[in-house]
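The letter at position 127 of the sequence shown is residue 127 when you use my numbering, and the numbering goes up by one with no holes.
Since the hints were derived computationally from the structure, they do not count as laboratory data. Glycine included, C-beta positions come from ideal geometry on N, C-alpha and C. Errors might be hidden in some of the hints.
Subject to a maximum C-alpha distance of 25 Å in a straight line, what follows is the list of computed BS3-like cross-link-like pairs (lysine-lysine) [what the hints assert, rightly or not]: (1) Lys-108 x Lys-41; (2) Lys-166 x Lys-95; (3) Lys-52 x Lys-108; (4) Lys-73 x Lys-166; (5) Lys-73 x Lys-169; (6) Lys-41 x Lys-21; (7) Lys-169 x Lys-159; (8) Lys-13 x Lys-166; (9) Lys-52 x Lys-41; (10) Lys-169 x Lys-21; (11) Lys-95 x Lys-25; (12) Lys-52 x Lys-159; (13) Lys-21 x Lys-111; (14) Lys-41 x Lys-159; (15) Lys-111 x Lys-8; (16) Lys-95 x Lys-108; (17) Lys-41 x Lys-111; (18) Lys-166 x Lys-25; (19) Lys-73 x Lys-21; (20) Lys-52 x Lys-21; (21) Lys-169 x Lys-95; (22) Lys-13 x Lys-41; (23) Lys-41 x Lys-73; (24) Lys-95 x Lys-52; (25) Lys-73 x Lys-8; (26) Lys-95 x Lys-111; (27) Lys-8 x Lys-166; (28) Lys-95 x Lys-159; (29) Lys-13 x Lys-73; (30) Lys-169 x Lys-8; (31) Lys-41 x Lys-25; (32) Lys-8 x Lys-95; (33) Lys-25 x Lys-13.
Between beta-carbon pairs, the in silico distance windows are [stated by the list, open to error]: (34) Lys-73 x Gly-168: 11 to 21 Å; (35) Lys-21 x Gly-168: 26 to 36 Å; (36) Lys-111 x Ser-12: 16 to 26 Å; (37) Glu-20 x Gly-133: 37 to 47 Å; (38) Ser-91 x Phe-137: 29 to 39 Å; (39) Arg-90 x Ser-12: 36 to 46 Å; (40) Phe-130 x Lys-52: 16 to 26 Å.
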Amino acid sequence: MSRVKITKPVTSKSPLDQPEKYQLKRFGRVGSDDHHIFINKRILIEITEYSKTNLSRELGGVLVGGYFSWNGKPYVTIDAYIAARLGESRSASFKFTHESWHEIGVIKEQKYPDALLVGWHHTHPSFGIFLSGMDMFIHQGFFNLPWQVALVVDPVADKLGFFQWKNGKVVTCGFHMVIPGGAKR
1 MSRVKITKPV TSKSPLDQPE KYQLKRFGRV GSDDHHIFIN KRILIEITEY SKTNLSRELG
61 GVLVGGYFSW NGKPYVTIDA YIAARLGESR SASFKFTHES WHEIGVIKEQ KYPDALLVGW
121 HHTHPSFGIF LSGMDMFIHQ GFFNLPWQVA LVVDPVADKL GFFQWKNGKV VTCGFHMVIP
181 GGAKR
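All chains, full assembly: derive it from the sequences and hints.
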């Protein structure tokens, strides 16, 4: 896998300020001091469908996209997803393995060489939306930049939730689903 690059946000107009290009649907509370999360609808569907492929074990992968700022407000976009098919999947835990990191790195470099790992996803079949102690270990160890996020999906309950860093702690947060194509008139 390539080296981790600590990056500053790229200045780019937020999807919130581009109604001619995007329709947005907000889920949950998005605070004014939150890092806004924008996930492409197609990617969210891909993740939720993958999450339903095994309801007896936890599954996971990485969220690929960009880190931006507009008018001093940071935000992340999630434009792709790479499933960690070689991760260690158990009934109540998911771990990235050396093999899964290698596979993720190869796929990222081939398909998304200019994108960033903006976070990770995993499932909690029938357990609900939260980050366990092991989940926090993964988030703190591998996704510890202030703009990196976690997405948890409970495919049995058909629920999901995002988590982000805020004042050095990981907290729940809302997000925006992005539908390319501009506002309906």
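Status of the hints after comparison with the structure:
no.: 1; hint: Lys-108 x Lys-41; result: holds, 20 Å
no.: 2; hint: Lys-166 x Lys-95; result: holds, 24 Å
no.: 3; hint: Lys-52 x Lys-108; result: holds, 23 Å
no.: 4; hint: Lys-73 x Lys-166; result: holds, 14 Å
no.: 5; hint: Lys-73 x Lys-169; result: holds, 19 Å
no.: 6; hint: Lys-41 x Lys-21; result: holds, 14 Å
no.: 7; hint: Lys-169 x Lys-159; result: holds, 23 Å
no.: 8; hint: Lys-13 x Lys-166; result: holds, 23 Å
no.: 9; hint: Lys-52 x Lys-41; result: holds, 17 Å
no.: 10; hint: Lys-169 x Lys-21; result: violated, 34 Å
no.: 11; hint: Lys-95 x Lys-25; result: violated, 31 Å
no.: 12; hint: Lys-52 x Lys-159; result: holds, 11 Å
no.: 13; hint: Lys-21 x Lys-111; result: holds, 24 Å
no.: 14; hint: Lys-41 x Lys-159; result: holds, 15 Å
no.: 15; hint: Lys-111 x Lys-8; result: holds, 22 Å
no.: 16; hint: Lys-95 x Lys-108; result: holds, 19 Å
no.: 17; hint: Lys-41 x Lys-111; result: holds, 19 Å
no.: 18; hint: Lys-166 x Lys-25; result: holds, 23 Å
no.: 19; hint: Lys-73 x Lys-21; result: holds, 20 Å
no.: 20; hint: Lys-52 x Lys-21; result: violated, 31 Å
no.: 21; hint: Lys-169 x Lys-95; result: holds, 21 Å
no.: 22; hint: Lys-13 x Lys-41; result: holds, 19 Å
no.: 23; hint: Lys-41 x Lys-73; result: holds, 22 Å
no.: 24; hint: Lys-95 x Lys-52; result: holds, 18 Å
no.: 25; hint: Lys-73 x Lys-8; result: holds, 12 Å
no.: 26; hint: Lys-95 x Lys-111; result: holds, 23 Å
no.: 27; hint: Lys-8 x Lys-166; result: holds, 17 Å
no.: 28; hint: Lys-95 x Lys-159; result: holds, 21 Å
no.: 29; hint: Lys-13 x Lys-73; result: holds, 10 Å
no.: 30; hint: Lys-169 x Lys-8; result: holds, 20 Å
no.: 31; hint: Lys-41 x Lys-25; result: holds, 9 Å
no.: 32; hint: Lys-8 x Lys-95; result: violated, 28 Å
no.: 33; hint: Lys-25 x Lys-13; result: holds, 18 Å
no.: 34; hint: Lys-73 x Gly-168: 11 to 21 Å; result: holds, 19 Å
no.: 35; hint: Lys-21 x Gly-168: 26 to 36 Å; result: holds, 34 Å
no.: 36; hint: Lys-111 x Ser-12: 16 to 26 Å; result: holds, 21 Å
no.: 37; hint: Glu-20 x Gly-133: 37 to 47 Å; result: holds, 45 Å
no.: 38; hint: Ser-91 x Phe-137: 29 to 39 Å; result: violated, 18 Å
no.: 39; hint: Arg-90 x Ser-12: 36 to 46 Å; result: holds, 39 Å
no.: 40; hint: Phe-130 x Lys-52: 16 to 26 Å; result: holds, 19 Å
Hint check: violations occur at hints 10, 11, 20, 32, 38; the rest are consistent with the structure.
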